[in-house]
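> Using the sequences and the accompanying hints, generate a full structural model.
Chains as they are written, first to last, in the numbering used here: chain W, 1 to 368; chain E, 369 to 790.
Some hints here could point you the wrong way.
[Unchecked claim] Chain W regions said to be covered by chain E (calculated; three or more residues, Cβ under 8 Å):
| hint | segment |
| --- | --- |
| 1 | 272-278 |
| 2 | 299-310 |
| 3 | 328-340 |
Everything labelled a hint here was simulated from the structure, so no lab data went into it.
All C-beta atoms, glycine included, are put in the ideal place defined by N, C-alpha and C.
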Amino acid sequence: MNDGREELDDLREAVREFLAAKSPETAVRAAMETGHDPAVWDQMARQLRLPGLALPADYGGDGFGLTELEVVLEEMGAALLCSPFFGTVVLAAQTLLAANDKAACERYLPGIAAGETIATLAVAESSGSWDPAGIATRAERTADGWALTGEKSFVVDGSIAGLVLLVAQAPAGPALFAVDGGAPGLRAEPMTALDPTRPLAALTLDGVPGELIGAEGEGGRMLSQVLDVACVALAAEQAGGARRCLEMSAEYARTRFQFGRAIGTFQAIKHKCADMLARVELAEAAAREAARLADEAAADFPVAAATAHICSSRAYMFAAAENIQVHGGIGFTWEHPAHLYFRRAKSSELLFGGPAVYHERLLARLGI
Amino acid sequence: MPDDVKEFARQAREFLDAHATRAEQAEFRWGQGEDTVAYFNADPPDVKDVKLHAAKDWQRTRYENGFGWISGPPEYGGQGLTPVHELIYNSIEAEYDVPDTGTLSVIGLGMIGPTILAHGQQAIKDRYLPALYRGDIIACQLFSEPGAGSDLAGLQTRAVPDGEEWVLDGQKVWTSIARQSQIGMALCRTDVNAPKHKGITAFLIDMSAPGVDVRPLRQMTGGSDFNEVFLTGVRVPDDHRLGEVNAGWRVAVTTLMNERATVGGERGGTVAEALAPERLAALMRATGTLNDGALRRDLSELLADLLAAGHLNRRAVRAMQAGVTPGPERSVAKLMHAQNLTRAAHFVSEVLGPRIIADTGEWGTYAWAELLLATPALRILGGTEEVMKNILAERVLRLPKEPGIDSTSPFRELPRSGKAAS
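In structure tokens form, the structure reads like this:
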């Protein structure tokens, strides 16, 4: 249910139409093999101005909020769009904004808004944890700046990013650094990913020159802030993907006949679909409401963000698994798209640490 | 907010300031204050009576000051404003300490009133609508029967015409507030030769008429919130008929749409308060379980669902305020409400351990037993979970209906609902 805002419906319609044309299943499968299509990225920036949609006008953006971005991400998640959008526009751009570093924003955000820069944020290492306390990558002062040494894993679009934002341990605590994707001493290796629609890379840094962004020791605070926004953005993608799984199941239940009747006439299937619907509605409400609260700078936004991440993770995993069940054997084949959603659902659930982490995050945000 | 709405809100505050006191937002402290966690009214009869009087008085005060039926038409005592004004008034009133008017409002004002307005004959509208919304009378819903639960259209209570009157015979069940009600809305079979949905007629009956026998049912919580209502030769004037003869199903749909809107809504009261995150955390602290990893995870799972259900309800309210009519997806809220409360009660029982199987006298522990015992009802009342899921699947997801459910043969030829012959 929308809340009666027609301009959001128009935005959704425009993005949906674009993705139907540019990211059909054939395109998704091609991108899984060869990476995202730069022409589509270019069109998203030039025709739809999506990378800059929610960036401040001061930095070349259109100044909309997370509410609008949330709509776009729902549609991207539904279409399984293979694109550096999440890494660039959500992770990297939001980190720059959270860093309180005007000079860095002026330097990097206009390129992101214009679709000229592909960027990402590298935090997790081999354990996959986003807890700044566990970061081993070191930042050391050099004569003309900083040198970074260590390893990063699970870096979204890490192989293609021209700008890598990276959290490392500086003498005064975790801090954020900007690294050029082609910098000497930086090596990026694609990881074999459960979900090939979202490429992940492992980075090795050997004295890589980095530029300090924001204040030294501020990395933990920034990360906490960025994760709230990123959780909502991811929840939007997840809610969109879950909704698509539900639509696929309902369509199949209407048209697949066994025992001389549509399988959707059986209550076993009906109730499965109704359970999916309930989860999807809840996930959507949680993601959309969290986005609204972010735009209002409401005090309970962090709680809403953690709630959205939990509800959407659960809804997507549930819908993706049940979608295969509703389809039966055909849903288990490589050719059927159901497994692509299953893969995305699982990788999204665990990208920021998974249930073991996100439940404690919600309780922490509630002060429990 | 448009200016006229602002002015309305100002008037509402002025009225409430003059007639009620602001609710004290006392900080919650473990062991202090009320520890009741009751879904059903657990008060003793004399307390119930006092509260019912207070509720009726408050409804009258609202009515006399123009807040008793905000969205109702002026010719029947309403203010002719919109549901948005009603939502705004309710949200403002929630800031004040006022009597709980649920006994009047949930069924009578929320469901039967709108049905009378939509389907009642002129004399009936004139006579009952102002009385209902002034708090003079209470209405109940006589729908379910021993043989017609989920299959409501299989109902068998007969209404036979006799001159200008109808004679009703049959049995109704699960009737909330029947003992407090002066009128009841009854669905009756008026044509056994028509298909089952097309031989039903709706009537408004006088609950004090000869032949109306109300008997309380004791439910598994120990309380008596429901009743059986026996109708034996009850005479009802034809002007008390709602809608056309044999068009009662349409009338019932009006009522049920309003029921689902009500039951799925956010409900305040002791249950909502007890399920607030800080209250559940306090309970875990008091029982020494706050650091139990398994319970912490259960708590988070539960809170995420409770918080998200709150978001769902607030979004529905905002959509209504923007003029969007809520669709059948509102059934999701009802489904989640029942599931969340059920999970909450079982979560709390795990936190309490043996303290919920016997009363140690400790504050805030055994008090949860009432909610625990009430939860099975939540998945049944207002449409069972299974029926709600069928509605979601068929009306929202457009899945085909189950074949073999006969909705075209004459009612008398259908196999009878109820208990299987053995």
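> At a Cβ distance under 8 Å, does chain E reach at least three residues of the segment 272-278 of chain W?
holds (count 5)
> According to a criterion of three or more residues whose C-beta lies within less than 8 Å of a C-beta of chain E, is the segment 328-340 of chain W covered?
Contact hint for the segment 328-340 of chain W vs chain E: violated, 0 residues under 8 Å.
> Can you tell me if the segment 299-310 of chain W counts as covered by chain E, using C-beta to C-beta distances under 8 Å and a minimum of three residues?
holds (count 6)
Of the hints listed earlier, the one the structure fails to meet is number 3.
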